Amino acid sequence: MAEPILEANTQRSYAQPTDSGYFGEFGGRFVAETLTHALDGLAELYAELKDDPEFKKELYEDLAHFVGRPTPLYLAERMTASLGGAAIYLKREDLNHTGAHKVCNTIGQALLAKRMGKPRVIAETGAGQHGVATATVAARLGLSCDVYMGEEDVHRQSLNVYRMKLMGANVIPVTSGSKTLKDAMNEAMRDWVTNVDDTHYIIGTVAGPHPYPMLVRDFASIIGQEARAQMLQQVGKLPDVVVACVGGGSNAMGIFHPFINDTDVDLVGVEAGGRGVSTGAHAAPLNDGKVGVLHGNRSYLMSDDDGQVMETHSVSAGLDYPGVGPEHAHLKDIGRATYAAATDDEAMEAFRMLNRQEGILPALETSHALAWVVENARKMSADQTILVNLSGRGDKDILTVADIDGITL
Amino acid sequence: MDAGTANQGRIAAEFERLREQGKKALVTFITAGDPGVDFTVPVMHSLVAGGANLLELGIPFSDPEAEGPTIQAANERALANGMTLTKVLDMVVEFRASNSTTPVILMGYLNSVLAMANFAHRAKGAGVDGLIMVNLPQEEAAGLRQTLTAEGIDLVSLIAPTTADQRAKEIVTTASGFLYYVSLKGTTGSAAIAVDEVAERTSFLQTLTSVPICVGFGIKDAESAAAVSAHADGVVVGSALVQLMSDSADPMTASKRLETATAEIRHGLDG
Ligand SMILES: Cc1ncc(COP(=O)(O)O)c(C=O)c1O
Chain A
1 MAEPILEANT QRSYAQPTDS GYFGEFGGRF VAETLTHALD GLAELYAELK DDPEFKKELY
61 EDLAHFVGRP TPLYLAERMT ASLGGAAIYL KREDLNHTGA HKVCNTIGQA LLAKRMGKPR
121 VIAETGAGQH GVATATVAAR LGLSCDVYMG EEDVHRQSLN VYRMKLMGAN VIPVTSGSKT
181 LKDAMNEAMR DWVTNVDDTH YIIGTVAGPH PYPMLVRDFA SIIGQEARAQ MLQQVGKLPD
241 VVVACVGGGS NAMGIFHPFI NDTDVDLVGV EAGGRGVSTG AHAAPLNDGK VGVLHGNRSY
301 LMSDDDGQVM ETHSVSAGLD YPGVGPEHAH LKDIGRATYA AATDDEAMEA FRMLNRQEGI
361 LPALETSHAL AWVVENARKM SADQTILVNL SGRGDKDILT VADIDGITL
Chain B
1 MDAGTANQGR IAAEFERLRE QGKKALVTFI TAGDPGVDFT VPVMHSLVAG GANLLELGIP
61 FSDPEAEGPT IQAANERALA NGMTLTKVLD MVVEFRASNS TTPVILMGYL NSVLAMANFA
121 HRAKGAGVDG LIMVNLPQEE AAGLRQTLTA EGIDLVSLIA PTTADQRAKE IVTTASGFLY
181 YVSLKGTTGS AAIAVDEVAE RTSFLQTLTS VPICVGFGIK DAESAAAVSA HADGVVVGSA
241 LVQLMSDSAD PMTASKRLET ATAEIRHGLD G
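Those protein sequence lines, which keep their order, are chains A and B. Residue 310 in the numbering used here sits at position 310 of the first sequence, with consecutive numbering throughout. Residue 127 in the numbering used here sits at position 127 of the second sequence, with consecutive numbering throughout.
The shape of chain A in the complex, shown without the other chains:
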């Protein structure tokens, strides 16, 4: 039972990254020397366990019984009808335990931590979803857990902060720099460099130094593996377009990866356009960034002429990050995926539409992918299909949305 419907494309023409963690010219391992040993150890362990039947069984059993996978593939009928174009299918990652795709990665990494015999895990979090997912697996495995979170996000996502505390995690507000996700990641790296012997750092997205972009992608790929099989089963064909929002890029890589060899399937990532890409107040490095190095990898980055990382803006804390996973940079450069941006307002409009037309409360992050659908479904024909990664639910965002509406709850 444990191994769900999983078989992805059997052609394996796309094989990234290289042994040193490069996706084309992106990725690599740009960290302090102190950490290279731990990264080597992690890469070796992962290489050993990746195809180990015992490990896979443990992972799939957790995904089935603890997380509740497979998640459904759901036809959004009223939304499809109201937009009047392509059929819109939602991959319901919002129905995962803890409310987002993030838990697939934390389950996998917590199992790795357990194998390494490390009693403590740390994480960075923006929206709090990855923090919650980490606190959850830590509670379940009896690991001690510290989560770094920018002070600004602690306020924006207070519900998730309290959830983490309920599960016994220690939430550490980060007051340096811009007080958001990137600074939380800096603090987590500083913690790890200090406590590397007994601590595993559970990075929450497909960024960071090698092997993280690869292993987070692999753990998230269950999303695309299931969705691909479900499309074939329920619809009888692959989708024309796969759409996902892109912060660091884990939910997008997770759903894209099993489709990469299906070259007829368009892959579209949607970044946070904030107040508009032309205003500079956004978090869309693939749309408006340059190649740089931050948090251990080489990728597109929002940085100025002096190489300083710029402050970002997005209504959604989980997309408010100046970098992006290196594999997305590669997919962009080879033309296999395209990257659009949705503004705060467009995301909010799509957020409201899904609530009213489908009875689903999406996360603000996810609403950026939905905004692309709102804009583009009508340009497609009725026999075409769009597969959307509905990466998470929006319970955590209710206070933010109420605030935008001028309501105090």
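Hints may contain errors.
[Unchecked claim] Straight-line alpha carbon distances no greater than 30 Å define the calculated DSS-like cross-link-like pairs of lysine-lysine that follow:
{"id": "1", "chain 1": "B", "residue 1": "K87", "chain 2": "A", "residue 2": "K290"}
{"id": "2", "chain 1": "A", "residue 1": "K290", "chain 2": "B", "residue 2": "K124"}
{"id": "3", "chain 1": "A", "residue 1": "K50", "chain 2": "A", "residue 2": "K114"}
{"id": "4", "chain 1": "B", "residue 1": "K87", "chain 2": "A", "residue 2": "K179"}
{"id": "5", "chain 1": "A", "residue 1": "K118", "chain 2": "B", "residue 2": "K169"}
{"id": "6", "chain 1": "B", "residue 1": "K23", "chain 2": "B", "residue 2": "K169"}
{"id": "7", "chain 1": "A", "residue 1": "K114", "chain 2": "A", "residue 2": "K165"}
[To be verified] One-sided and incomplete, this derived list gives chain A residues near chain B with beta-carbon spacing under 10 Å:
{"id": "8", "residue": "D40"}
{"id": "9", "residue": "D183"}
{"id": "10", "residue": "V196"}
{"id": "11", "residue": "L294"}
{"id": "12", "residue": "E311"}
{"id": "13", "residue": "V401"}
{"id": "14", "residue": "A402"}
{"id": "15", "residue": "D403"}
{"id": "16", "residue": "G406"}
These aren't lab readings, by the way, just hints derived from the structure by calculation. Remember, predicted model here, so these are calculated numbers, not experimental data. Just so you know, even glycine gets a beta-carbon here, dropped at the ideal spot from N, CA and C.
Position chain B with the ligand against the provided structure of chain A, taking the given hints into account.
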């Protein structure tokens, strides 16, 4: 040819001179432009007057992920003061106007250097002798090392307590200028340094290479400097000096304080 002496510039000359005198190197670190842009050059001269042999100048960066709170704050102040890498190089030019012998080594993060076209050439022109890149491990360093070497600038390699023996052997093959041994697992300015553990590692490293070894992270005063220097060719002092800088109201006060502090550490080293 011994890779360690590939660049026969100020760094090699300084270590040669120290060796002849039987002295240890005192390497000092301050962040350029902190706490004010007019502090840096006067303080560089004071550090030399106090007995520093090599000067490390931090390139301010928005995301200094290996620094402790003291140097993080220095980076933030320097950036608030409008510092850029171009201005750091201007400071080196100004320093060189009256000091042509003390080696100057820039330390920082890769993204700063990548953002400047022709960095190696401009740095050389400004009078920079070495570069320490915190987030550039051996595997990733070949390209930058090549452009720096072409200009005669040393890319200083770092070795950590977690660096395995085999890896250390690979790192020393391209070591140039000096080897920077990071004394502890942690960020800059972290607490206690375990002298015995440092001694164990540096004596191993000394069997691998003749390149001078300097130990940094966690050295705060004359006492810790003296203890560590028995097992190395030099010591690096950073956060303690940066803290003194930040507590100083004006360049003159900072200069006096840092000269005094440096002289005390020098005294500790010279015994
Ligand atoms: C629901 C949801 N979707 C998307 C993201 C963005 O992350 P990623 O791009 O790694 O999927 C987050 C991050 O917190 C999230 O909570």
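Quick rundown of the hints versus the structure:
1. At most 30 Å may separate the alpha-carbon atoms for a hinted pair to count; K87(B) and K290(A) meet this at roughly 22 Å.
2. At roughly 26 Å between alpha-carbon atoms, K290(A) and K124(B) fall within 30 Å of each other, so this suggested pair holds.
3. For the suggested pair K50(A) and K114(A), the alpha carbons sit about 15 Å apart, so the restraint of at most 30 Å is met.
4. As the CA atoms of K87(B) and K179(A) are separated by approximately 26 Å, the hinted pair is consistent with the 30 Å bound.
5. Of the pairs offered as hints, the one joining K118(A) and K169(B) holds, with about 28 Å between alpha carbons and a cut-off of 30 Å not exceeded.
6. The straight-line distance between the Cα atoms of K23(B) and K169(B) is roughly 26 Å, inside the 30 Å bound, and the hint therefore holds.
7. For the hint linking K114(A) to K165(A), the alpha-carbon distance of about 22 Å falls within 30 Å, and the restraint holds.
8. Proximity of D40(A) to chain B holds as hinted, the smallest CB-CB distance being about 8 Å (cut-off 10 Å).
9. For the restraint placing D183(A) at the interface with chain B, the shortest Cβ-Cβ distance is roughly 8 Å, inside the 10 Å limit, so the hint holds.
10. Among the interface hints, the one on V196(A) holds; its C-beta lies about 6 Å from the nearest C-beta in chain B, closer than the 10 Å criterion.
11. At its closest, the beta carbon of L294(A) sits 6 Å from a beta carbon of chain B; the interface hint therefore holds under the 10 Å criterion.
12. Among the interface hints, the one on E311(A) holds; its C-beta lies about 9 Å from the nearest C-beta in chain B, closer than the 10 Å criterion.
13. Taking 10 Å as the C-beta cut-off, the interface hint given for V401(A) is violated, the closest approach to chain B being about 31 Å.
14. For the restraint placing A402(A) at the interface with chain B, the shortest Cβ-Cβ distance is roughly 33 Å, beyond the 10 Å limit, so the hint is violated.
15. Using the Cβ-Cβ criterion of 10 Å, the hint placing D403(A) at the interface with chain B is not satisfied: the shortest such distance is roughly 28 Å.
16. Given the 10 Å rule on beta carbons, the hint for G406(A) is violated: about 34 Å separates it from the nearest Cβ of chain B.
The earlier numbered hints that this structure contradicts are 13, 14, 15 and 16.
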